[in-house]
Amino acid sequence: AQSVAQPEDQVNVAEGNPLTVKCTYSVSGNPYLFWYVQYPNRGLQFLLKYITGDNLVKGSYGFEAEFNKSQTSFHLKKPSALVSDSALYFCAVGRMRQGGKLIFGQGTELSVKP
Amino acid sequence: EPEVTQTPSHQVTQMGQEVILRCVPISNHLYFYWYRQILGQKVEFLVSFYNNEISEKSEIFDDQFSVERPDGSNFTLKIRSTKLEDSAMYFCASRERVTDTQYFGPGTRLTVL
Chain A
1 AQSVAQPEDQ VNVAEGNPLT VKCTYSVSGN PYLFWYVQYP NRGLQFLLKY
51 ITGDNLVKGS YGFEAEFNKS QTSFHLKKPS ALVSDSALYF CAVGRMRQGG
101 KLIFGQGTEL SVKP
Chain B
1 EPEVTQTPSH QVTQMGQEVI LRCVPISNHL YFYWYRQILG QKVEFLVSFY
51 NNEISEKSEI FDDQFSVERP DGSNFTLKIR STKLEDSAMY FCASRERVTD
101 TQYFGPGTRL TVL
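Chains as they are written, first to last, in the numbering used here: chain A, 1 to 114; chain B, 1 to 113.
Derived by calculation from the structure, the hints in this document are not laboratory data.
One should not assume that every hint holds.
To be verified - Facing chain A, a subset of chain B residues (Cβ under 7 angstroms, in silico):
| # | residue |
| --- | --- |
| 1 | Phe45 |
| 2 | Ser48 |
| 3 | Glu56 |
Where is the CB? At the ideal position from N, CA and C, for every residue including glycine.
Chain A extracted, bound-state conformation (with noise of 0.2 angstroms):
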């Protein structure tokens, strides 16, 4: 069965600083990744996806993601973080010959103060 974890429910950064926002997952085959994230009262905006290639895939915003296959991890990393980057931010993976449903992680509050 798949299953994607995000071990950290939230995420506290100072403006400026780099940003780690942490994700693990468990499938079989090869899997899709992505992040979205989730702003208050909106839905979900995409911002990058992992299918073949580099390990590092870049996306909107400014973020970008590390596609590790020996720890099963997707970590999203952001440089320097800004204030308007505060949001839920939600890992989930994927099988496209299966339909393409996206199984999500509980999703990791990110906080970003001036």
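Please arrange chain B on chain A, whose structure you already have, making use of the hints.
Relative to chain A, chain B alone:
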């Protein structure tokens, strides 16, 4: 930029009533999904839909739920007899055939009293 839209944004209903949640996916997308998010919990998959039939459904998606694509643009989720525990945010999503990215609508907040 094309986007998924959902109506209504908020629906309040009495327990036992039927509700229909509506979604307009992105126009050239072929795969459609419903997810829900109970307050404070993670986003959960309900159902996927392709070529006018259900591709996959979760355990949550029991006989009280149904989906339909009644015309070329709308994708609906019907709950026949709502329960208190159906209160949640319901998200519609769609994706193209060639890419793997699902794009989500803004959600419908369903409150069952």
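How the hints compare with the structure:
1. Checking Phe45 (chain B) against chain A: minimum C-beta separation of about 4 angstroms stays under 7 angstroms; hint holds.
2. About 5 angstroms separates the beta-carbon of Ser48 (chain B) from the nearest beta-carbon of chain A, less than 7 angstroms, and the hint is met.
3. Annotation: interface hint on Glu56 (chain B) holds; nearest CB of chain A at approximately 4 angstroms, less than 7 angstroms.
Figure legend: structure checked against the earlier numbered hints; every hint is met.
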